[in-house]
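From first to last, the protein sequence lines are chains A and B.
Heads up, this note's numbering is the position in the first sequence plus 722, with the first residue counted as 1.
Heads up, this note's numbering is the position in the second sequence plus 244, with the first residue counted as 1.
In short, the hints are calculated from the structure, not lab data.
Treat the hints with care, as some may be off.
To be verified - Simulated DEER-style distance windows between Cβ atoms:
hint: 1; chain 1: B; residue 1: Gln267; chain 2: A; residue 2: Gly906; range: 15 to 21 Å
hint: 2; chain 1: A; residue 1: Gly906; chain 2: B; residue 2: Leu517; range: 54 to 60 Å
hint: 3; chain 1: A; residue 1: Arg929; chain 2: B; residue 2: Asp630; range: 29 to 35 Å
What the hints assert, rightly or not - Interface residues of chain A toward chain B, partial, derived using beta-carbon atoms under 10 Å:
hint: 4; residue: Thr823
hint: 5; residue: Asn885
hint: 6; residue: Asn886
hint: 7; residue: Arg912
Small disclaimer: the values here were computed from a predicted structure and weren't measured.
The C-beta atom is built at its ideal place from N, Cα and C for all residues, glycine as well.
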Amino acid sequence: MPETIVEIKKVTKIYTLGANKIYALNKVSAKIEKGDFVTIMGSSGSGKSTLLNMLGCLDLPTSGKVLINNTDLSNLDDDGLTSLRRNNIGFIFQQFNLIQTLTAVENVEIPMIFNGASPQKRRKRALKLLQKAQLPPEYAHHKPNELSGGQQQRVAIARALANNPPILLADEPTGNLDTKTGHGVMELLRELNQAGTTVIVVTHDPRMEEYSRTTIRLQDGEIVNEDT
Amino acid sequence: MKIPDPLKNNMYAELARRNLKRQAVRTMLAAIGIIIGVIAISSMGILGNSLKLSVTDSFSDIGDKIIVYPAPGEDYITDKQVDQIKKVSNIESVIPVRSGGEVVEYKKGGTTFQYYVSVYDLKKEDLDKLADLEQGRYFKPGSTECVVGSGIAKNLDLSLGQKIEIDGTNLRVVGILRERGLGFDISTDSGVFTSSEMYEKLYPDADDGYGTVIVVVKDINKIDPVMEGIEERLNKKEDTVTVFATNSITESLDSVFRSVSLFLMGIGSISLLVAGVSILNVMLMSTMERTKEIGIMKAVGASRKDILKMFLLEALFLGLIASTAGAILTLGGSYLIMALLVKNTSYLLTFSSMFYVLEGFLFGIATSLLGGMYPAWKASMMKPLDALRYE
Numbered sequence: 723m724p725e726t727i728v729e730i731k732k733v734t735k736i737y738t739l740g741a742n743k744i745y746a747l748n749k750v751s752a753k754i755e756k757g758d759f760v761t762i763m764g765s766s767g768s769g770k771s772t773l774l775n776m777l778g779c780l781d782l783p784t785s786g787k788v789l790i791n792n793t794d795l796s797n798l799d800d801d802g803l804t805s806l807r808r809n810n811i812g813f814i815f816q817q818f819n820l821i822q823t824l825t826a827v828e829n830v831e832i833p834m835i836f837n838g839a840s841p842q843k844r845r846k847r848a849l850k851l852l853q854k855a856q857l858p859p860e861y862a863h864h865k866p867n868e869l870s871g872g873q874q875q876r877v878a879i880a881r882a883l884a885n886n887p888p889i890l891l892a893d894e895p896t897g898n899l900d901t902k903t904g905h906g907v908m909e910l911l912r913e914l915n916q917a918g919t920t921v922i923v924v925t926h927d928p929r930m931e932e933y934s935r936t937t938i939r940l941q942d943g944e945i946v947n948e949d950t
Numbered sequence: 245m246k247i248p249d250p251l252k253n254n255m256y257a258e259l260a261r262r263n264l265k266r267q268a269v270r271t272m273l274a275a276i277g278i279i280i281g282v283i284a285i286s287s288m289g290i291l292g293n294s295l296k297l298s299v300t301d302s303f304s305d306i307g308d309k310i311i312v313y314p315a316p317g318e319d320y321i322t323d324k325q326v327d328q329i330k331k332v333s334n335i336e337s338v339i340p341v342r343s344g345g346e347v348v349e350y351k352k353g354g355t356t357f358q359y360y361v362s363v364y365d366l367k368k369e370d371l372d373k374l375a376d377l378e379q380g381r382y383f384k385p386g387s388t389e390c391v392v393g394s395g396i397a398k399n400l401d402l403s404l405g406q407k408i409e410i411d412g413t414n415l416r417v418v419g420i421l422r423e424r425g426l427g428f429d430i431s432t433d434s435g436v437f438t439s440s441e442m443y444e445k446l447y448p449d450a451d452d453g454y455g456t457v458i459v460v461v462k463d464i465n466k467i468d469p470v471m472e473g474i475e476e477r478l479n480k481k482e483d484t485v486t487v488f489a490t491n492s493i494t495e496s497l498d499s500v501f502r503s504v505s506l507f508l509m510g511i512g513s514i515s516l517l518v519a520g521v522s523i524l525n526v527m528l529m530s531t532m533e534r535t536k537e538i539g540i541m542k543a544v545g546a547s548r549k550d551i552l553k554m555f556l557l558e559a560l561f562l563g564l565i566a567s568t569a570g571a572i573l574t575l576g577g578s579y580l581i582m583a584l585l586v587k588n589t590s591y592l593l594t595f596s597s598m599f600y601v602l603e604g605f606l607f608g609i610a611t612s613l614l615g616g617m618y619p620a621w622k623a624s625m626m627k628p629l630d631a632l633r634y635e
């Protein structure tokens with residue numbers, strides 16, 4: 723029987739905008755199995771980003787439960803969330819979100835620093851990860867602004883893998899890339915998934931569905947169907 | 245998992261260095277504030293300290309002496325009382341002194357020079373304890389020879405073998421004392437020292453006793469018990485003597501100059517306060533600008549402590565660099581000023597002056613850290629999601 727790595731139970735998130743309460747998520751429940759490749763689809767405002775932020779321990783639900791690797795987020799303080807995030811989740815953002823003062827390889831090293839790795843060990847691993855993410859080796863010591871969008875996203879993927887997390891969360895990873903580069907990035911995510919990592923991608927791009935095994939469709943804060 | 249010490253972890257240091265470099269102009273301006281503050285504090289401290297040293301240096305006999313005078317109403321201290329003093333323990337030596345003020349006349353060419361001096365009747369071994377001979381020798385008992393202080397020799401342009409006239413009596417100069425500076429015991433620089441016989445000839449009506457008794461103690465820490473001992477023996481029924489410790493003057497001088505130094509440094513620290521506010525400002529701007537970066541750091545696993553460390557390390561670096569520059573500039577500047585204006589750099593190179601430089605240096609670092617604390621705390625408290633969304 724497949725192991726559940728992420729579970730959400732009746733998760734509700736309410737934003738208050740003036741006098742109005744907006745239900746970004748309304749009693750959403752789902753289970754994601756280990757090793758799955760999940761896309762969360764939905765138009766903008768459907769609540770998919772809110773859901774992703776919760777899975778990434780960046781946000782907490784108004785009510786309901788989120789369990790990552792059997793740990794209930796609602797029991798954790800800021801440092802607890804940080805440590806859970808550091809050890810379980812690799813983030814990939816639409817905007818790449820690399821640190822501009824650091825070179826590609828140093829950006830990949832950052833999560834390892836917070837995990838206490840020694841300088842030699844983390845440099846070695848960072849270079850290996852960049853290779854795995856298919857960044858041409860000559861770019862390893864370039865700053866982000868000297869790299870193309872696709873190259874930056876490869877650096878971001880290498881960074882997401884730094885602490886060898888069981889879960890990769892990607893928020894519109896191809897949103898800022900042209901179609902061909904976007905497919906390259908998705909191919910890379912598929913390879914990582916085949917190597918055992920659970921990948922969860924949030925997107926509104928229907929073409930991404932072809933890569934996933936499970937699709938969660940969100941509309942107005944509710945799951946409309948779940949295909950497997 | 246334990247987070248390693250940020251100072252051992254060169255990536256934190258590297259990050260701090262690059263972030264400071266990223267806004268080089270702003271960093272420089274903030275550093276200048278600290279530099280000025282450090283210079284202000286340490287140079288004001290050095291100024292106060294040099295003032296103190298130059299004053300205390302002119303007192304030669306600080307410390308180990310007690311001066312005994314006749315109490316008001318008494319004419320002199322008798323031999324019997326001197327013997328009583330000698331019985332007090334912890335005394336190195338007791339020097340009874342008879343003295344009188346006099347005008348010395350000295351003829352050179354056709355002109356007669358006049359000079360006010362103090363004439364002392366002191367045994368030559370006692371004189372030896374109070375001053376050093378620069379030239380010549382001590383007077384012989386019973387002779388008409390005399391030893392003069394350096395001030396007299398200089399002012400009257402005296403050399404060995406010459407004669408000076410006091411009250412119609414000629415005295416031959418056989419020795420000149422080394423300059424000693426201001427004293428609480430006797431003024432050796434403007435003193436004429438001669439034998440008891442000559443003294444009695446000059447002052448036939450002189451008292452049988454002494455105007456002053458100088459007591460040298462064995463150990464400077466025993467000054468108080470020795471003073472008490474003298475008082476106990478001589479002021480039993482009524483006060484016959486006044487006892488005075490030379491170090492009481494230095495103690496009060498010390499406290500005066502401490503206040504002066506503190507006051508001057510207080511003025512200096514205002515500039516450091518301003519510098520602290522500018523660091524606060526710079527770091528706050530920096531955290532605002534880097535909000536998104538903080539969000540990224542948190543998303544990839546930085547804890548509050550990590551963020552706090554990063555920003556504090558930046559403030560520490562800024563403080564270290566600026567304070568070092570400030571300390572070096574202070575030392576260089578003070579050396580130049582003292583060498584060019586005062587022409588004496590010895591006061592700068594004392595432990596106490598260096599202490600003020602160190603103090604300025606530490607204050608500079610502390611100010612930077614204090615200024616960086618609130619921004620660092622603010623950065624560490626940012627919610628990762630809000631920080632990530634910040635544009």
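Now for the hints, and whether the structure bears them out:
Checked against the hint of 15 to 21 Å, the pair glutamine 267 (chain B) and glycine 906 (chain A) fails, with Cβ atoms roughly 36 Å apart. Range check, glycine 906 (chain A) to leucine 517 (chain B): about 56 Å between beta-carbon atoms, so the 54 to 60 Å window is met. Under the hint 29 to 35 Å, the C-beta atoms of arginine 929 (chain A) and aspartate 630 (chain B), about 32 Å apart, fit the expected range. Hint on threonine 823 (chain A) holds. Least Cβ distance to chain B is approximately 5 Å, under the 10 Å limit.
At about 7 Å, the closest approach between the beta carbon of asparagine 885 (chain A) and any beta carbon in chain B falls short of 10 Å, and the interface hint on this residue holds. Restraint check, asparagine 886 (chain A) versus chain B: the minimum CB separation of about 12 Å is more than 10 Å; hint violated. At its closest, the beta carbon of arginine 912 (chain A) sits 23 Å from a beta carbon of chain B; the interface hint therefore is violated under the 10 Å criterion.
Figure legend: structure checked against the earlier numbered hints; hints not met, in rising order: 1, 6 and 7.
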